[in-house]
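All chains should be modelled from the sequences, with the hints used to inform the complete structure.
Protein chains: 2
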Amino acid sequence: MEEELRALLRDLDALKQRPDPAAIDRDMSAEVVDSNPYSRLMALQRMGIVDNYERIRDYSVAIVGIGGVGSVAAEMLTRCGIGRLLLYDYDTVGMTKTDAAVQTLSGINPDVALESYSLNITTVKGFETFLGSLKARSSDGHNTGVDLVLSCVDNYEARMVVNQACNELGQTWMESGVSEDAVSGHIQLLVPGETACFACAPPLVVASGVDERTLKREGVCAASLPTTMGVVAGLLVQNALKYLLKFGQVSPYLGYNSLKDYFPTMEMKPNPQCSNPACVQRQKEYMQLKPARDAAAKAKMEAEASAADEYSLPEGLVRELPNADSYQEPVAPVTSGAIDDDDLEELQRQLDALNSS
Amino acid sequence: MEEELRALLRDLDALKQRPDPAAIDRDMSAEVVDSNPYSRLMALQRMGIVDNYERIRDYSVAIVGIGGVGSVAAEMLTRCGIGRLLLYDYDTVGMTKTDAAVQTLSGINPDVALESYSLNITTVKGFETFLGSLKARSSDGHNTGVDLVLSCVDNYEARMVVNQACNELGQTWMESGVSEDAVSGHIQLLVPGETACFACAPPLVVASGVDERTLKREGVCAASLPTTMGVVAGLLVQNALKYLLKFGQVSPYLGYNSLKDYFPTMEMKPNPQCSNPACVQRQKEYMQLKPARDAAAKAKMEAEASAADEYSLPEGLVRELPNADSYQEPVAPVTSGAIDDDDLEELQRQLDALNSS
Numbered sequence: 006m007e008e009e010l011r012a013l014l015r016d017l018d019a020l021k022q023r024p025d026p027a028a029i030d031r032d033m034s035a036e037v038v039d040s041n042p043y044s045r046l047m048a049l050q051r052m053g054i055v056d057n058y059e060r061i062r063d064y065s066v067a068i069v070g071i072g073g074v075g076s077v078a079a080e081m082l083t084r085c086g087i088g089r090l091l092l093y094d095y096d097t098v099g100m101t102k103t104d105a106a107v108q109t110l111s112g113i114n115p116d117v118a119l120e121s122y123s124l125n126i127t128t129v130k131g132f133e134t135f136l137g138s139l140k141a142r143s144s145d146g147h148n149t150g151v152d153l154v155l156s157c158v159d160n161y162e163a164r165m166v167v168n169q170a171c172n173e174l175g176q177t178w179m180e181s182g183v184s185e186d187a188v189s190g191h192i193q194l195l196v197p198g199e200t201a202c203f204a205c206a207p208p209l210v211v212a213s214g215v216d217e218r219t220l221k222r223e224g225v226c227a228a229s230l231p232t233t234m235g236v237v238a239g240l241l242v243q244n245a246l247k248y249l250l251k252f253g254q255v256s257p258y259l260g261y262n263s264l265k266d267y268f269p270t271m272e273m274k275p276n277p278q279c280s281n282p283a284c285v286q287r288q289k290e291y292m293q294l295k296p297a298r299d300a301a302a303k304a305k306m307e308a309e310a311s312a313a314d315e316y317s318l319p320e321g322l323v324r325e326l327p328n329a330d331s332y333q334e335p336v337a338p339v340t341s342g343a344i345d346d347d348d349l350e351e352l353q354r355q356l357d358a359l360n361s362s
Numbered sequence: 006m007e008e009e010l011r012a013l014l015r016d017l018d019a020l021k022q023r024p025d026p027a028a029i030d031r032d033m034s035a036e037v038v039d040s041n042p043y044s045r046l047m048a049l050q051r052m053g054i055v056d057n058y059e060r061i062r063d064y065s066v067a068i069v070g071i072g073g074v075g076s077v078a079a080e081m082l083t084r085c086g087i088g089r090l091l092l093y094d095y096d097t098v099g100m101t102k103t104d105a106a107v108q109t110l111s112g113i114n115p116d117v118a119l120e121s122y123s124l125n126i127t128t129v130k131g132f133e134t135f136l137g138s139l140k141a142r143s144s145d146g147h148n149t150g151v152d153l154v155l156s157c158v159d160n161y162e163a164r165m166v167v168n169q170a171c172n173e174l175g176q177t178w179m180e181s182g183v184s185e186d187a188v189s190g191h192i193q194l195l196v197p198g199e200t201a202c203f204a205c206a207p208p209l210v211v212a213s214g215v216d217e218r219t220l221k222r223e224g225v226c227a228a229s230l231p232t233t234m235g236v237v238a239g240l241l242v243q244n245a246l247k248y249l250l251k252f253g254q255v256s257p258y259l260g261y262n263s264l265k266d267y268f269p270t271m272e273m274k275p276n277p278q279c280s281n282p283a284c285v286q287r288q289k290e291y292m293q294l295k296p297a298r299d300a301a302a303k304a305k306m307e308a309e310a311s312a313a314d315e316y317s318l319p320e321g322l323v324r325e326l327p328n329a330d331s332y333q334e335p336v337a338p339v340t341s342g343a344i345d346d347d348d349l350e351e352l353q354r355q356l357d358a359l360n361s362s
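Taken in sequence, the protein lines are chains A and B. Per this note's numbering, the first sequence runs over residues 6 to 362. Per this note's numbering, the second sequence runs over residues 6 to 362.
There may be inaccurate statements among the hints.
When chains are identical, the list treats them as one kind, so a pair holds in a single copy or across two.
[Stated by the list, open to error] Taking lysine-lysine pairs in the BS3-like style, the calculated list, with each CA pair at most 27 Å apart, reads:
#1 LYS265 - LYS251
#2 LYS303 - LYS130
#3 LYS289 - LYS130
#4 LYS289 - LYS265
#5 LYS265 - LYS305
#6 LYS305 - LYS289
#7 LYS265 - LYS303
#8 LYS130 - LYS305
#9 LYS295 - LYS305
#10 LYS305 - LYS274
#11 LYS140 - LYS303
#12 LYS274 - LYS130
#13 LYS265 - LYS140
#14 LYS265 - LYS130
#15 LYS289 - LYS303
Hints listed in this document are in silico derivations from the structure and should not be mistaken for laboratory results. Note that the structure is a prediction, hence the values are computed from the model and not measured.
Now the structure itself:
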């Protein structure tokens, strides 16, 4: 939470300093030549979609589970030029799955720092290594910790472990899943203390129409479609890019029902009675920091309004700052309250729609 | 159109014959072993999503444009075990793009019959070869023509050429596109005579928020995101699978606005004043065959109702056939009428929503 506040204040400082847009660091060239793999990505900046695409070089993303969704997500982030990618899986395909992925991905884009963790996060030892690696300084000393964790695992137990680690660290993560019948899936943003955690709302576990605890049973083979995997991985990484590079709107939850091309969305508040103590602790911290967060948000809005007045108005045109009465309070973030009936009804409605396909 | 009617009657015959589900041809093994790449696909059949997944071996799909969307779509169809894949592109990457794709795809799944057409469909000679190849018998003599054309080109002119070819042949196709700023895209189903063709409704050209005629200008580099490409390719091939294997609902039009995770849908009737003569001719044929189509659909529904009574009710339980009064007329397919005002207003609303992102 303090980290979040510091990030807000850093944004505020950056805004006040207003760097000259012409003086952008050219590490990631926008030059349009075949030898430059980034020209079509840097075009996002020239077209005004992203303020500073090159910041992607500063970010670290952890991907847990290098299966159908995880391997496609890793390739997408690699092609996007992510700074550092941490890969976790316990499985082998001749060599370990994570080493095989590193080999493939470094061939696609050698600029990405790749870290291979072949371990089972659901074991005590695996969990410790997992937790440590999420906090660790990167090999070049440049990054500390990770900016985002993407869960691409295929079972309930592993999701609960990722949830536990991220709640303990106050680490924002995104969850993804594909149903056992391969024709629906979902992604979800989880910000410890701010949104529902994976343990807050048991119904989410079955949002894709299947009890995930039944997956990976002996002799049972779940269906799999490269199309569904590709769509879910694409939606997941697109939202990861929006989150990291601060453009568009990050979806709190997005379902994909492929039989009807139906994409349900919803938002889930954290549950104060959540069974996960780390989640409850993060919720308390989030509430305690509300006044400081509001003040920072207000200062940021005022600085933006002032900057807009100073720089964006046509010459000779003057606009007054909003006065105290017309100034709109920033919307208070959700900090408390059980999942209310409306939420549950809406959730049930969407689950029914998903399952009735 | 006659072809469509024959297909309906074939379905009817198949239903009457009711093959024993236990006697499914095992060309595509459902056995769950690592050496069987189809077990996770055949699970779709076991789970009741698809009636007969193995039919995918009988289908031919043409992909025009092997770029960001086309290459991913080709890989997905290859992994799904499509029978035959025809690839079209004029570009080279050392070798021709289509040959390079064939090399990669045959490594992924050697069971797929791959055909490489390195040509420019917008030239007179290229168009003739394109048209001929869509009608031709496959090398093993098994398939005649293609079952579906996927357009994955990146410019207006090429789309109009695919439209022309498919209108002339009465060939169902699906169109796809990604906007110049890389953050939105769409897919669309086009059935000559039955739905709007690409020339019927000029606004569709700019549905993704960009005048596509401005693409590919000298010195202009459009943005590109592997995420948007992956999502559009996934939605496209998923709908192709639904169309070919007859499950779920095929979307007539599906947009993807990645900034808001908004997925607009709509349906477009053909325009009787369409500037494309082949489209107008297909519309006439479609109208002429309406009575026969209705009769076939009614017979099929009655056969299904009868089959359900005979075979699906628990022993000892009897259900009456619906009487003439309660029998529900099959919904008459849309056969005529200009795009009405409601359609246009809805289209405008959705375009506005897409563009205001």
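Hint numbers contradicted by this structure: 2, 3, 4, 8, 11, 12, 13, 14
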